[in-house]
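Visitor: Please model the entire structure based on the sequences and the hints provided.
As given, the protein sequences belong to chains L and H, one line each in that order. Positions 1 to 196 (the numbering used here) are the ones given, in order, by the first sequence. Positions 1001 to 1271 (the numbering used here) are the ones given, in order, by the second sequence.
To be clear, the hints were calculated from the coordinates, so they are not data collected in a lab. Using N, Cα and C, we set each Cβ at its ideal position, and we do this for glycine too. Wrong hints could be hidden among the right ones.
With a straight-line Cα cutoff of 35 Å, these simulated DSBU-like cross-link-like pairs (lysine-lysine) come out [claimed, not checked]:
1) H:1146 to L:112
2) L:124 to L:17
3) L:112 to H:1165
4) L:16 to L:124
5) L:16 to L:112
Covered stretches of chain H (chain L as the covering partner; in silico rule of three or more C-beta atoms under 8 Å from a C-beta of chain L) [claimed, not checked]:
6) 1080-1090
7) 1145-1151
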Amino acid sequence: MIAIVDYRAGNLVSVKKAVDHLGFACAITSDPMVVERAEKIIVPGVGHFAATSALDSSGLRSAITGAIDRQIPFFGICVGMQWMFAASEEAPGVSGLGVFPGECAHFPQEVKAPHVGWNQLEVKDGSRLLRGVPSGAFVYFTHSYRAPLVAETVACCNYGGAFSAAVEREHLFGAQFHPEKSGDAGLTMLENFCRL
Amino acid sequence: MPGSPCWRISAAYNMLTKRIIACLDVDAGRVVKGVKFLNLRDAGDPAELAAAHSRAGADEIVLLDISATHENRAILLDAVRRAARELFVPFTVGGGIRSLEDAAAVFDAGADKISINSAALADPALITRIGERYGSQAVIVAVDAKRILSDNGAHWEVRSAGGRKPTGRDAIEWVREAESRGAGEILLTSMDRDGTRDGFDCELTAAVVDATSIPVIASGGAGGPQHFVTVFREGRADAALAASIFHFSLNSVAELKQELRAAGVPVRWPC
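Guide: Here's what the structure looks like:
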């Protein structure tokens, strides 16, 4: 069973709907016990980085870090991906998981923020998450903060400079865009994750 | 330099595309402005039409409940649920959302964003309340603007209740307030152009784009592909919405996107 972690930050129906459509068992949950027993974990998220602090107080963070230590596949989406980095300047006091290095930052002044709409990916060869998704594929973004390029970046997007659109290391995956709202390209990625 | 050697970036993949949004006007659970699609079992079914628009390349789907009476809410939620089930592009629902609870019901049925209009004018804090729970990106404030001529020149007044009721509020000032209260996007409809097929109001659109940093969706007046080219170039809209154009002058969103591509407007293609 795939746990879709609910920490009261936004609407998780779309993610569940997409996983259901792909034919994998999943459940929306805010129960740390359910997360601990899950075969895979998805942390979606929209809105403010500060909302991730709800993961700390609810016991979900320790359930997630425990699962990650046991090599359970983990997928962070949007703010869920930003949370995998050390921090974000959106909420300086809130610490992320820190499984990827660096800090998320606001888009530079010269471009309009939020970055909303369909933009293209440049994909690095060999990504498991992006298998079957070519460079140039369009995906749907909606965000004002972005993660830096790191060694684990497997797809980048260019908007006011290049940033990490997807990151991947071993069983850890993140996407800044919304695969559940990105048509066939997005469904391909979700299926790649669900099949791991 | 982290990442830099492996990224060719910039020249090839460097464009946030202009969005084409297909709008379904729904009354009592049925699409009332027909859309000229072939191979549809039922041209009035919102779920089938939403799927057909998505297949044809629509970047987003908006479902607008134009009756929005109390009795029709259950019917609407059922239509939203059915439309959302197989829709994997952003999906917005508007019409008759007056409270956080109304919005929650629509989100639970599968909408990604809600659009509020009259209720936001009556209670601007509603924008903030929905945004705090679901994120700003999920809150579209719809603004119906009517051009007013006076001795001091032209300005635009906000209308409420589906464009029927003058509010006395200046559209530009209201857009700024909506943004400051946490709106994620503005859906801007020109009451002067709506239904005319004479083209979008590019002057209004550009004025609103200049007044806000959030995305502006232009609506009202689409009659042909050239109107979209103009509203993206001169109006500098981030997205454009149309309903009935796909009924009388274009077969599909795909046909429109081909025209936009030929004119050099960046669009998601193939889609």
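Visitor: So which of those numbered hints doesn't the model satisfy?
Guide: 7
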